[in-house]
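Undergrad: If you want the building blocks of each chain, they are given just below.
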Amino acid sequence: MLQQIIDRRLAGKNKSIGNRERFLRRHKDQIREAVKRAVDGRGIRDIAQGEDIHIPKRDITEPVFGHGQGGKREMVHPGNQEYVRGDRIERPRGGGGGGGGGQASDSGEGDDDFVFHLSKEEFMQVFFDDLALPNLARTTLAETPEFKTHRAGFSSDGTPNNLHVVRSMRGAIGRRIALGGDSRKELRRLEEHLETLKQHPDTPAHQHEIKALEEEIEALRARLGRIPYLDPIDLKYRSRVRVPVPTAKAVMFCLMDVSGSMDESRKDLAKRFFILLYLFLTRHYEKIDIVFIRHHTQAQEVDEENFFHSTETGGTVVSSALVLMEEIARARYPTSEWNIYGAQASDGDNWHHDSGRCRELLANNILPLCRYFAYVQVAEEEQNLWDEYSTLSADAKAFAIRKVTEASQIYPVFRELFKKEGATT
Amino acid sequence: MTRRAIALPDPTTDMFETHVPEPKVRVRRAADIVTPPRAEKPLPAPSDWTFELIDQYHTVIRQTAQRFGLDTYPNQLEIITAEQMMDAYASVGMPVNYRHWSYGKEFIATEKNYRRGHMGLAYEIVINSNPCISYLMEENTMAMQALVIAHAAYGHNSFFKGNYLFKMWTDASSIIDYLVYAKNYVAECEERYGLDAVEETLDSCHALMNHGVDRYRRPSKLSLAQEQARREDREAYAQRQINDMWRTLPKKQRGKEAEESQVRRFPEEPQENLLYFIEKNAPLLEPWQREIVRIVRKVAQYFYPQRQTQVMNEGWATFWHHNLLNTMYDDGHLTDGVMIEWLKSHTNVVYQPPVGHRAYSGINPYALGFAMYTDIKRICQKPTDEDRQWFPEIAGADWLETIDHAMRNFKDESFVGQYLSPNLMREFRLFSIVDDEKESELEVSAIHDETGYRRVREALSHQYDLGSREPNIQVYSVNTRGDRSLVLRHTQHNDRPLHDTAQEVLKHVARLWGFGVHLESVDNAGTVTKRWSVPAPSHP
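Residue numbers (this note's numbering), protein chains in the order written: chain F, 45 to 469; chain G, 7 to 546.
For the record, the hints were derived by calculation from the structure and aren't laboratory data. Please note: incorrect hints may appear among the correct ones.
To be verified - Below, a list of computed lysine-lysine pairs in the DSS-like style, where the Cα atoms sit at most 27 Å apart:
1) 118(G) x 164(F)
2) 72(F) x 192(F)
3) 72(F) x 513(G)
4) 80(F) x 118(G)
5) 101(F) x 513(G)
6) 441(F) x 463(F)
7) 118(G) x 101(F)
8) 536(G) x 116(F)
9) 72(F) x 189(G)
10) 118(G) x 72(F)
11) 444(G) x 116(F)
12) 444(G) x 536(G)
13) 350(G) x 383(G)
14) 80(F) x 311(F)
15) 444(G) x 47(G)
16) 463(F) x 311(F)
17) 101(F) x 80(F)
Using the sequences and the accompanying hints, generate a full structural model.
TA: Given below as structure tokens:
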């Protein structure tokens with residue numbers, strides 16, 4: 045009888061996932077648009093979240109032939125209170141007539157949106173669709189300090205928690221057999237001899253020999269007894285070795301101007317850009333180092349929290365950040381092992397003698413180290429830094445500069461900077 | 007009959023049941039029902055179910071159902087989670103179906119409503135298949151599982167097996183196989199021809215789904231193996247036929263005959279099954295597209311009886327869970343707690359909000375169906391003078407025989423027309439309203455009184471007629487000699503116009519047909535009142 049009841053609970057849910065994928069795929073454009081709008085309107089901390097997507101109902105209705113308003117029809121309703129035959133009722137406005145008739149809802153006329161929730165993963169998927177780090181050359185990445193341990197047989201030393209008891213005892217038995225072999229053979233021979241002698245114990249010569257034999261046997265037994273049951277050399281340990289794992293390593297330098305001329309809105313723009321960058325990188329690469337450098341007249345390496353969420357004031361010397369970046373790169377990120385990327389955000393305001401130096405630093409010291417360097421200016425006016433950089437960007441292939449003046453521009457610019465080769469935005 | 011009633015927990019009958027399909031002579035009359043002795047103690051009634059408990063309850067429910075002679079397909083109960091229930095929901099209640107974005111949309115909408123608590127999930131989904139699959143949701147309590155088993159596994163199941171529409175139009179033993187085949191076929195097409203091409207074809211087919219059924223002609227039954235074996239033949243043959251029809255070179259024989267064939271209409275008679283017509287005659291469809299049209303058509307046909315028997319089907323299942331569980335209580339199997347629990351759900355299900363109520367959205371098929379079967383039973387057992395006058399054949403007849411007959415031989419339209427009693431119309435306080443475009447106000451045409459009973463009953467019966475609920479659109483003609491355009495004709499019913507979505511649907515028709523499509527709306531007098539046209543889609 046029990047076979048009539050089938051437990052399907054483990055048979056797997058999400059049978060509809062394929063249908064959902066098809067649904068998302070069909071409305072990709074609207075979803076992408078919604079994601080873009082959502083990012084523009086979001087606070088920095090909330091960017092990496094899911095989003096409610098609104099799709100106009102008319103875009104998702106499946107049309108079928110149906111009756112429209114008009115003509116003549118008769119509807120039966122329950123719950124008559126006061127009407128009698130021939131009563132006339134004012135036509136209800138809207139709806140399907142006939143006192144809110146049951147078919148009104150079928151008309152699909154409602155202008156409400158179809159709303160559904162895009163999960164965080166799906167959101168990020170759409171968000172960073174078609175984007176990739178440019179020029180990432182995995183092959184150039186040599187030795188990495190990344191290790192993975194795995195088993196490699198047994199060894200005779202190790203920590204007690206790795207002790208392999210069976211192996212150790214097996215070794216002990218073998219050693220005991222091997223060490224005692226000769227002695228035991230000798231012992232057996234002497235015992236047999238003693239046995240034959242004891243059959244005729246009367247002769248004094250025999251008496252003497254028996255005594256000697258017994259002493260010898262005693263000594264042999266003592267020697268055998270001294271063979272240790274378990275010796276330190278018996279102990280066997282599971283051996284684990286660390287094997288280096290080759291991974292593509294990349295480091296991203298985020299450089300941001302936090303000087304007085306960067307007002308809140310500009311800083312916000314810059315931060316948004318870096319947040320995008322940060323999310324993008326953390327999503328794409330398991331192992332990626334990010335170095336945050338902020339600067340006013342002096343540059344300083346900070347952690348993520350400080351980089352995004354604290355403010356500074358003061359003048360501006362952009363080159364300080366570049367110098368610091370180069371120092372850090374040379375000290376910690378040799379180009380033989382690391383793909384180095386740089387992204388810089390500033391309002392373009394710089395101490396006027398410094399901009400030329402920035403260009404030289406970039407051209408001579410930093411760009412040779414980098415696979416890609418992007419500069420984003422969060423202000424419209426083209427000051428000397430922009431001018432200097434533009435001359436550079438004209439001939440340096442791995443260098444790009446863009447302007448962003450509104451939050452809504454960040455996403456397109458970001459996409460443009462990091463779009464996959466050959467992919468359309 | 008002196009046969010001793012079977013003592014209740016009797017394992018031997020179960021062991022042999024699978025070998026003996028028709029165990030005994032089926033009880034057909036209420037008079038033949040043998041009441042067993044009262045159970046010594048009720049079934050355990052903890053709120054959490056276990057497999058053993060479900061088994062015990064199921065055994066008793068089955069025996070009770072057999073006592074009333076309910077004839078069912080073998081039952082297969084499946085325990086599923088809420089999410090699986092939503093999965094099943096999303097693919098029109100079937101355990102397996104081809105993939106389409108609209109099911110994804112459905113799932114998202116269902117899930118959203120469920121999560122927000124706007125909607126409880128249905129307690130059950132039951133599939134018209136052989137064996138009949140009933141889903142029991144994991145979250146249900148034991149009492150609810152008992153309700154679901156009685157409702158789905160015996161109520162709906164016996165309806166599927168007995169009702170003439172289901173017998174005629176659906177093949178319970180092959181549907182699951184067919185859907186598996188459809189799913190694989192569609193997936194294969196997606197792989198071969200791309201998601202977009204398949205999606206477009208399916209979208210277009212879905213738009214015509216309601217007009218893809220044979221209303222009068224019975225389809226032939228085919229097993230899965232035959233289906234697959236025949237497919238290739240069919241593809242080849244169909245293409246040949248179509249090529250023939252669209253032959254551009256004139257035939258050799260000249261003269262009268264040729265001229266005659268020129269004026270001959272195609273199709274000779276208007277065709278109601280648009281999808282069938284397209285499958286067989288659309289000039290440009292690829293063989294795989296024809297097969298997809300066919301799959302959608304078959305699925306539509308499978309659901310066609312369900313759409314016509316909502317009141318009857320739900321009413322029947324509700325009537326029987328109510329009857330079976332009450333009988334079990336009378337036999338001493340159910341505790342008071344279990345009774346209160348399922349009765350509460352039952353009451354919610356059969357609630358009919360009056361018109362104007364916030365929750366009102368038309369007549370509740372559960373409420374109407376349940377009330378009608380109960381009322382038929384009442385008319386059989388305790389007829390009033392009014393009943394004798396209105397239902398002379400069934401007043402005082404055997405109730406079991408009467409409702410069995412009603413279940414087997416009617417659909418909603420005729421069921422209401424035949425059995426809705428004045429008593430029930432008063433109880434529901436039914437009244438009918440005429441909404442005529444030409445009048446500025448609505449008019450109450452009849453209410454639940456002596457002069458109005460027939461009118462109300464007729465109007466309600468009409469309301470359940472799919473023929474009047476859905477616009478009557480048929481293939482009218484094809485311009486075989488000219489631009490190959492297709493003309494559809496909408497015959498208006500009571501001057502009701504088509505909805506504006508017609509234009510959108512026409513685009514889908516044009517996509518399938520491959521050439522221009524026109525739609526004419528014809529009023530009662532036979533004059534065309536409105537035209538829609540879609541030009542031929544550009545051919546790649």
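Undergrad: Indicate, hint by hint, whether the structure satisfies it.
TA: Here's how the hints hold up against the structure:
Between residue 118(G) and residue 164(F) the alpha-carbon distance is near 16 Å, which keeps this suggested pair within the 27 Å criterion. Proposed proximity of residue 72(F) and residue 192(F) is contradicted: the alpha carbons are some 40 Å apart, above 27 Å. A hinted pair counts as satisfied when its Cα atoms are at most 27 Å apart, and residue 72(F) with residue 513(G) qualifies at roughly 22 Å. The suggested pairing of residue 80(F) with residue 118(G) holds, with an alpha-carbon distance near 23 Å, which does not exceed 27 Å.
Our distance criterion of 27 Å between C-alpha atoms is met by residue 101(F) and residue 513(G), whose separation comes to about 19 Å. Simply put, residue 441(F) and residue 463(F) have alpha-carbon atoms about 15 Å apart, close enough for the 27 Å limit, and the pair holds. Of the supplied pair hints, the one linking residue 118(G) and residue 101(F) holds, its CA atoms being roughly 16 Å apart against a limit of 27 Å. Taking the CA atoms of residue 536(G) and residue 116(F), the gap is near 17 Å; set against the 27 Å cutoff, the hint holds.
Proposed proximity of residue 72(F) and residue 189(G) is supported: the alpha carbons are some 24 Å apart, at most 27 Å. Among the hinted pairs, residue 118(G) with residue 72(F) is consistent with the structure: their alpha-carbon atoms are about 20 Å apart, no more than 27 Å. About 8 Å separates the Cα atoms of residue 444(G) and residue 116(F), which keeps this hinted pair within 27 Å; it holds. Only pairs whose Cα atoms come within 27 Å are accepted, and residue 444(G) paired with residue 536(G) is accepted, the gap being roughly 18 Å.
Straight-line distance between C-alpha atoms of residue 350(G) and residue 383(G) comes to about 23 Å, which keeps the hinted pair within the 27 Å bound. Taking the CA atoms of residue 80(F) and residue 311(F), the gap is near 20 Å; set against the 27 Å cutoff, the hint holds. The suggested pairing of residue 444(G) with residue 47(G) is violated, with an alpha-carbon distance near 67 Å, which exceeds 27 Å. Pair hint residue 463(F) plus residue 311(F) holds up; C-alpha atoms about 24 Å apart against a cutoff of 27 Å.
Simply put, residue 101(F) and residue 80(F) have alpha-carbon atoms about 20 Å apart, close enough for the 27 Å limit, and the pair holds.
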